[in-house]
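Asks: The residues making up each chain are set out below.
2 protein chains.
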Amino acid sequence: MLGKVVIVGTGLIGGSFALALKRAGAVREVVGMERAPDAAARALALGIADSITASPQAAMNGADLVLLAAPVAQTARILETLLPYLEPGTVLTDAGSTKADVAATARAVLGERARQFVPGHPIAGRETNGPDAALADLYQGKKTVITPLPENAPGDVGLVAAAWRLCGAIIHTLTPEQHDGVFAAVSHLPHLLAYALVDDIARKPHADLLFQYAASGFRDFTRIAGSSPEMWRDISLANRDALLTELDAYLAQLTALRARLAAHDGPALEAIYTNAQRARRAWSEAIETAEPPVPASASTKQESP
Amino acid sequence: MLGKVVIVGTGLIGGSFALALKRAGAVREVVGMERAPDAAARALALGIADSITASPQAAMNGADLVLLAAPVAQTARILETLLPYLEPGTVLTDAGSTKADVAATARAVLGERARQFVPGHPIAGRETNGPDAALADLYQGKKTVITPLPENAPGDVGLVAAAWRLCGAIIHTLTPEQHDGVFAAVSHLPHLLAYALVDDIARKPHADLLFQYAASGFRDFTRIAGSSPEMWRDISLANRDALLTELDAYLAQLTALRARLAAHDGPALEAIYTNAQRARRAWSEAIETAEPPVPASASTKQESP
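These protein sequence lines map, in sequence, to chains E and Y. Just so you know, the working numbering puts the end of the first sequence at 305, numbered straight through with nothing missing. Just so you know, the working numbering puts the end of the second sequence at 305, numbered straight through with nothing missing.
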């Protein structure tokens, strides 16, 4: 049972965290910090927060856990605002899509108090945002990756893990660098590739003709190119090094595949396609066992990056 | 009203064509040519064909329309078998995913009788194959691209278009070369990119770790990598030149994007992502107006390549 939880940003991510803890009867009081007046009013109306405050002093007074759920680019500013009122017993965490940069920011702003900051990343989301998109079961059965810093106290790491477990999440632990390498490969690179393909087609003189014949394979392949350009610009830059590593490996793979295609090497093409089909089937079967497919009403849903 | 229609290959594509014509009351007799005994028996049992014959002479006798719906690699062999019995009033067509190679094959095998061959490509399909997958409404509201040869008689082109219209399809007309360029861009290249990504990840030493964190964005992006490796090997080779052109344009695009990422050029990344998001939204809205989204039960469906 948590006493006071502070949510910085009461939108989809922070709001769902608060609603889940409340539904579990696991929190006494949720205080929201939210700069958008409309979002603040909706967070109160929806029962996400018991109160909203603009005062970091009031928010941090006696807080057990603080979740940063605002855009990652605001992390430094928010931590600077909270630091003067950070009590020794308070644990800070976040929900950002990249972790090495957040860890570096926490150390730069908080100094030795960074030991109170346990970085995290819930792998769940929706296409819509804001308090009205928040769901008490958003994290149910989904992964939350925690990337503890060496200086974190085990008890503080345990508190963050316990809070996410109360939201229904399955806890995975990686280092910030492992996290960023993994998500560069399976999330950030696919986004970049999808954006690049649609932009490439859209700039061709006969783009209208091409789009006319794009069908369901194209729709699924490029769905992630419908994501927020600002957010993905920030993620691309925040995870630049890991993303460049993955992009270079992929460019080498494509260049090799091009040579085989140019050489009319059917067996080599078939071997690559077959290996991909086999690996994807094995993945798909494993993931559907662990996380049953979403119902149709959520078929346009999008995980958190 | 068609008299006698011959379906060479009584699986998903040919079977759905026959069922649609029958439901429309638009055909007197459907004769199937099918080499797989199980498929032949199912095609009869399901009412796809009124009879099955192994004799090209019996099949071609008095035929108005012959649809080649076997794997594209068999096109030459099938045309060689049919040619001796091809009557002057019979029109041939096909349903292959590439068209310039089919046109070349038709001319090579049929010579001047290629004027009786009108190449076509219905843009519809399912993940399952065979007679049991055939649906009378598979082509309803979907596009069929017809790529007439200069030597085709207008009446023969009109007959093929009319038959597809009776199946509920919307007729589009392109040259074989236009067709292949368009599908290289919006279908064949995305398949190659998805296969390449999954193969690339699967070959990494920490592939198991990576796949563990792949989520719904990855699932949709790579869905087409679950397609038949043999079929896509054949399509890649059949449309090699157009596919290489598109692949080279994409490699240039990715290389430029890489340079911008390496240079930390946020505005350039955002401009590319924004253009892609805008173009995809416009496409998505246009396509959903023209072709409402498939219901959940068909959410794993796959268009014909």
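No lab work stands behind these hints, which were simulated from the structure alone. Remember, predicted model here, so these are calculated numbers, not experimental data. Treat each hint with caution, since some may be false.
Treat identical chains as interchangeable: a pair holds within one or across any two.
[As the list claims (entries may be wrong)] Result set (DMTMM-like, lysine to aspartate or glutamate): computed pairs, CA atoms no more than 20 Å apart in a straight line:
id, residue 1, residue 2
1, K4, E87
2, K22, E112
3, K4, D101
4, K143, D208
5, K204, D101
6, K142, E285
7, K143, D64
8, K4, D50
9, K4, E29
10, K143, E177
11, K22, D137
12, K204, E112
13, K204, E177
14, K4, D241
15, K4, E288
Asks: Does each hint fit the structure? Answer for all of them.
Replies: Now the hints, each set against the structure:
1. K4 - E87: within (13 Å within a copy, 86 Å between copies)
2. K22 - E112: neither (32 Å within a copy, 78 Å between copies)
3. K4 - D101: Classified as neither: same-chain Cα gap 28 Å, cross-chain 69 Å, threshold 20 Å.
4. K143 - D208: between (40 Å within a copy, 16 Å between copies)
5. K204 - D101: neither (36 Å within a copy, 25 Å between copies)
6. K142 - E285: within (16 Å within a copy, 31 Å between copies)
7. K143 - D64: neither (23 Å within a copy, 60 Å between copies)
8. K4 - D50: within (10 Å within a copy, 75 Å between copies)
9. K4 - E29: within (5 Å within a copy, 77 Å between copies)
10. K143 - E177: within (18 Å within a copy, 48 Å between copies)
11. K22 - D137: within (11 Å within a copy, 49 Å between copies)
12. K204 - E112: neither (53 Å within a copy, 37 Å between copies)
13. K204 - E177: Classified as between: cross-chain Cα gap 17 Å, same-chain 38 Å, threshold 20 Å.
14. K4 - D241: neither (38 Å within a copy, 64 Å between copies)
15. K4 - E288: neither (36 Å within a copy, 47 Å between copies)
Checked against the numbered hints given earlier, this structure breaks hints 2, 3, 5, 7, 12, 14 and 15; the rest are met.
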